[in-house]
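All chains should be built: construct the whole structure from the sequences, respecting the hints.
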Amino acid sequence: MTLNQLQFIWRIFIKTMDNYKKSNIGKLNKIFTLLMITFPILALYATPFSGISVADLLLISIQPILIIHLFRINNKINKTIHFSILFYALYISIHFLITVLTVNNMEAMDIFLNTSRYIFYLITLAIYTKTFFHIKFAKTVLKHFTIFASIYLIIQFFLYSLYGYYLPGTIPFLDLQVNTINEIYSRYNQGYYIRVHSIFAEPSHFTIYVLPYLIICLSEVKYKLPEYIPAILISIAILMSQSSTGIIMAGVIWIIWYLYRIIDKGISKKKSIFIVLSILFIPVVLLFITRTNSFDFFIDRTFSSGSLGEAGYRRLGNGVILHEIFKNSSLYLLFGQGMVNLQTYIPGATRLFVYFGISGVVLLLAIFTKIYYSGNRIQKEILIIFVILNFGTEILFGNFIFLYLPFLLLHDQKSIERG
Numbered sequence: 000m001t002l003n004q005l006q007f008i009w010r011i012f013i014k015t016m017d018n019y020k021k022s023n024i025g026k027l028n029k030i031f032t033l034l035m036i037t038f039p040i041l042a043l044y045a046t047p048f049s050g051i052s053v054a055d056l057l058l059i060s061i062q063p064i065l066i067i068h069l070f071r072i073n074n075k076i077n078k079t080i081h082f083s084i085l086f087y088a089l090y091i092s093i094h095f096l097i098t099v100l101t102v103n104n105m106e107a108m109d110i111f112l113n114t115s116r117y118i119f120y121l122i123t124l125a126i127y128t129k130t131f132f133h134i135k136f137a138k139t140v141l142k143h144f145t146i147f148a149s150i151y152l153i154i155q156f157f158l159y160s161l162y163g164y165y166l167p168g169t170i171p172f173l174d175l176q177v178n179t180i181n182e183i184y185s186r187y188n189q190g191y192y193i194r195v196h197s198i199f200a201e202p203s204h205f206t207i208y209v210l211p212y213l214i215i216c217l218s219e220v221k222y223k224l225p226e227y228i229p230a231i232l233i234s235i236a237i238l239m240s241q242s243s244t245g246i247i248m249a250g251v252i253w254i255i256w257y258l259y260r261i262i263d264k265g266i267s268k269k270k271s272i273f274i275v276l277s278i279l280f281i282p283v284v285l286l287f288i289t290r291t292n293s294f295d296f297f298i299d300r301t302f303s304s305g306s307l308g309e310a311g312y313r314r315l316g317n318g319v320i321l322h323e324i325f326k327n328s329s330l331y332l333l334f335g336q337g338m339v340n341l342q343t344y345i346p347g348a349t350r351l352f353v354y355f356g357i358s359g360v361v362l363l364l365a366i367f368t369k370i371y372y373s374g375n376r377i378q379k380e381i382l383i384i385f386v387i388l389n390f391g392t393e394i395l396f397g398n399f400i401f402l403y404l405p406f407l408l409l410h411d412q413k414s415i416e417r418g
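Just so we're aligned: 398 in numbering that gives the first Met the number 0 is position 399 of the sequence shown, and the numbers increase by one with no gaps anywhere.
No false leads were mixed into what you were given.
Think about it this way: if two alpha-carbon atoms lie no more than 27 Å apart in a straight line, the pair counts; the simulated DSS-like pairs of lysine-lysine are:
hint: 1; residue 1: LYS379; residue 2: LYS78
hint: 2; residue 1: LYS129; residue 2: LYS379
hint: 3; residue 1: LYS223; residue 2: LYS135
hint: 4; residue 1: LYS379; residue 2: LYS223
hint: 5; residue 1: LYS78; residue 2: LYS369
hint: 6; residue 1: LYS379; residue 2: LYS135
hint: 7; residue 1: LYS129; residue 2: LYS369
hint: 8; residue 1: LYS78; residue 2: LYS129
hint: 9; residue 1: LYS26; residue 2: LYS129
hint: 10; residue 1: LYS26; residue 2: LYS142
hint: 11; residue 1: LYS369; residue 2: LYS379
hint: 12; residue 1: LYS142; residue 2: LYS223
hint: 13; residue 1: LYS26; residue 2: LYS135
hint: 14; residue 1: LYS78; residue 2: LYS26
hint: 15; residue 1: LYS129; residue 2: LYS142
hint: 16; residue 1: LYS369; residue 2: LYS135
hint: 17; residue 1: LYS135; residue 2: LYS78
hint: 18; residue 1: LYS379; residue 2: LYS142
I should point out that these hints are in silico values taken from the structure, not numbers from a laboratory.
Right, dumping it as structure tokens:
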């Protein structure tokens, strides 16, 4: 990527921020919040610096400004820092220092690169989220990007299904950081069937990105049908993506919403009518969904031949790997082996166990438990989805923590008290 291309990205970033200039918050809050929401998208694009994406470069670039402004505000430390996340980062740092003493130089370098990036992400979230992340503004930005990505995927789906044309979802003249997209385009050019993925690297990444706003949207609607249009649009796009992860998670979110509608504040006459109509309507929706090609592909990919399919094996077929890693060492069982490069795909929950052992799992469970019991309804639902996702994806250790964790950490913000 050239300097001109980087300047182009920065101008788009600032232009997007300026579109929300009516928001009554500081410019630095807007920049930081916008970067958090768009981080998984910007991370797709490369910079001249090896291993550093556009998202990483922007985050590194604004660090001095954030630090200076933080000292100028001079808030109390407990109002600025999320100590639970900072403690988690400290644990990983100490774990790294101990681990490098027991491995060879090659493994130590791999562990250093993986760990330093993750610690940088965690410290950024721990130190700046309370001060610079604005929930209300974030929800507005996330809504716009989610709706755009969903509509874009639906257009991709129909163009590909009806005309065999695949509409690219990337900026053409920018270099890609992720090889997955190039592999998809290559398979398309060779005549293989591919799945649409909107503006992301793969269908599962699209669904991971849009799920938080699906939760927010359903938690804020009343009973008026027009208010459900964004949620319905997002759900249709998830189904068209044919992502096993997305379809299952969207189903869980709708079930949680349905149960909440029934249980919350008792059963009124209005709710009784809603329950009866939904009971009659659900079979019709399910019948329609099960007749689609997307559903057939989902079933075949997840449960092919009556057993675990490709997606199911990738998510649940790592028991042998765990057995091989931990069968000979109780030390690995307790503390893991550090953030080594893994030769196969392992989802976040299993990866946490491989990296940090039982101690790391217990620590993170304690943090999530604290978040759950101190959070509101939206936070509880996002946390549930985030935890479940980590049994099928590796988002705990990737770019998506910038999308999920800020919504989980700011339980004291008035803008998310609704619901």
